[in-house]
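Engineer: Build the full structure now, drawing on both the sequences and the hints.
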Amino acid sequence: MYADRRLLSWQPFPGSDESAKLTAMCLIAFDHRPGGACPLRLVANRDEFHGRPAAPLAAWEDAPDIIGGRDLAAGGTWLAVHRRGRFAAVTNVRDPRLEVPDEAPSRGALVRAALECETLSRWLAELADGEARRYAGFNLLAGDGEHLWHLHRGNDGIRLQAVPPGRHGLSNASLDTPWPKLVAARQALSPAARWPQQALAAMADPRPADDAQLPDTGVGLDLERRLSAAFILGQEYGTRAMSWLTWHADGRVEIGERRFGPEGVPWGERRKNLDVRG
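So for the sequence shown, the numbering used here puts the first residue at 1116; every next one is plus one.
A couple of the hints might just be wrong.
25 Å max Cα-Cα, derived SDA-like pairs, lysine to any residue [what the hints assert, rightly or not]: (1) LYS1387 - ASP1259; (2) LYS1387 - ALA1174; (3) LYS1387 - GLU1351; (4) LYS1387 - ALA1308; (5) LYS1387 - GLN1312; (6) LYS1387 - ALA1178; (7) LYS1387 - GLY1376; (8) LYS1387 - TRP1310; (9) LYS1387 - GLY1190; (10) LYS1387 - ARG1212; (11) LYS1387 - GLU1231; (12) LYS1387 - GLY1151; (13) LYS1387 - GLU1369; (14) LYS1387 - ARG1374; (15) LYS1387 - PHE1346; (16) LYS1387 - LEU1235; (17) LYS1387 - GLU1261; (18) LYS1387 - PRO1168; (19) LYS1387 - LEU1187; (20) LYS1387 - ALA1169; (21) LYS1387 - ASP1180; (22) LYS1387 - ARG1282; (23) LYS1387 - ALA1152; (24) LYS1387 - ALA1316; (25) LYS1387 - GLU1176; (26) LYS1387 - THR1361; (27) LYS1387 - GLY1366; (28) LYS1387 - ASP1177; (29) LYS1387 - HIS1262; (30) LYS1387 - PRO1171; (31) LYS1387 - LEU1315; (32) LYS1387 - TRP1175; (33) LYS1387 - PRO1311; (34) LYS1387 - TRP1264; (35) LYS1387 - ARG1309; (36) LYS1387 - GLY1200.
The set of hints was computed from the structure by calculation and includes no laboratory data. These figures come from a predicted structure and were not determined experimentally.
Structural biologist: Shown next, in the form of structure tokens:
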């Protein structure tokens, strides 16, 4: 769901102009129902270079209260839960107009910081007021099940908002930007849909969008087509992890992760159950 500045010039496809444009992409769809029996249901895909090392869903050795996968290159994560009752996830923003700051920190560090800060709302406000400018473009989603915030850093500025109840989605633009794969994933969270089966099926769809529906994010038509699929297939780059999160009002949290290798080959599945009532 993110990549640090070092990856922006990584050339995994010799002779390919597309490689310099590929950074980590992601797709998140979630249903936020504060006050309900299940205040949060969420699915997410992490798209990344297959050569970038990562650890599967687990309690972290150096921070055992954090449960999530881990980027072993920079030490952060794309999605994780804290045992004290907090979760966070991050995607990048794909916008050629947005200048990447020199020595920009890894955006995966934002997830850990959101999980470990003393007061989440205050930390997010402080981040929005200044520190967010140090990072390349990102979307940070963080909350405690009942309360949910979204922080966006893009060419259109920095915005912090409380997420309203309902079904929402994040990809590599702002909240609920109607990219086809986001719309399809969000629809799979309807009350009539089987959870999490139908949501996971939508996230596993490798079909690209029609050309007429593609966004123009400055990467060229061929790459726009490839990145428009919910599940990206590729030998060097593609969907590496598919996660789902169920947050119950009684404090039970279920988190799962399916891992994939080149060309979408399954690499395993893990599930964790937590009680975050304290």
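Engineer: Determine for every hint whether it applies to the structure shown.
Structural biologist: Hint check:
1. LYS1387 - ASP1259: Distance ~17 Å between LYS1387 and ASP1259 Cα, so the pair holds.
2. LYS1387 - ALA1174: holds, 9 Å
3. LYS1387 - GLU1351: Not OK: LYS1387 and GLU1351 at ~29 Å, beyond 25 Å, violated.
4. LYS1387 - ALA1308: holds, 23 Å
5. LYS1387 - GLN1312: It holds: about 17 Å lies between the C-alpha atoms, which stays within 25 Å.
6. LYS1387 - ALA1178: This hinted pair holds, its Cα atoms lying about 16 Å apart.
7. LYS1387 - GLY1376: holds, 21 Å
8. LYS1387 - TRP1310: holds, 17 Å
9. LYS1387 - GLY1190: Between LYS1387 and GLY1190 the Cα gap is close to 21 Å, so the pair holds against 25 Å.
10. LYS1387 - ARG1212: violated, 40 Å
11. LYS1387 - GLU1231: holds, 20 Å
12. LYS1387 - GLY1151: holds, 22 Å
13. LYS1387 - GLU1369: Holds, at roughly 6 Å.
14. LYS1387 - ARG1374: holds, 15 Å
15. LYS1387 - PHE1346: Satisfied, since the Cα-Cα distance of roughly 23 Å is no more than 25 Å.
16. LYS1387 - LEU1235: holds, 24 Å
17. LYS1387 - GLU1261: This hinted pair holds, its Cα atoms lying about 20 Å apart.
18. LYS1387 - PRO1168: holds, 22 Å
19. LYS1387 - LEU1187: Satisfied, since the Cα-Cα distance of roughly 20 Å is no more than 25 Å.
20. LYS1387 - ALA1169: Cα-Cα ~18 Å, so holds.
21. LYS1387 - ASP1180: At roughly 12 Å apart (the allowed maximum being 25 Å), ASP1180 and LYS1387 satisfy the hint.
22. LYS1387 - ARG1282: holds, 24 Å
23. LYS1387 - ALA1152: Holds. LYS1387 to ALA1152 sits at ~20 Å (cutoff 25 Å).
24. LYS1387 - ALA1316: holds, 20 Å
25. LYS1387 - GLU1176: With a Cα-Cα distance of about 16 Å, the restraint between LYS1387 and GLU1176 holds, given a limit of 25 Å.
26. LYS1387 - THR1361: holds, 11 Å
27. LYS1387 - GLY1366: Within the cut-off at roughly 14 Å; holds.
28. LYS1387 - ASP1177: Within the cut-off at roughly 18 Å; holds.
29. LYS1387 - HIS1262: holds, 22 Å
30. LYS1387 - PRO1171: Holds - the C-alpha atoms of PRO1171 and LYS1387 are around 12 Å apart, at most 25 Å.
31. LYS1387 - LEU1315: holds, 17 Å
32. LYS1387 - TRP1175: Cα-Cα ~13 Å, so holds.
33. LYS1387 - PRO1311: holds, 15 Å
34. LYS1387 - TRP1264: holds, 24 Å
35. LYS1387 - ARG1309: holds, 20 Å
36. LYS1387 - GLY1200: Holds, because 14 Å separates the two Cα atoms, which is no more than 25 Å.
Figure legend: structure checked against the earlier numbered hints; hints not met, in rising order: 3, 10.
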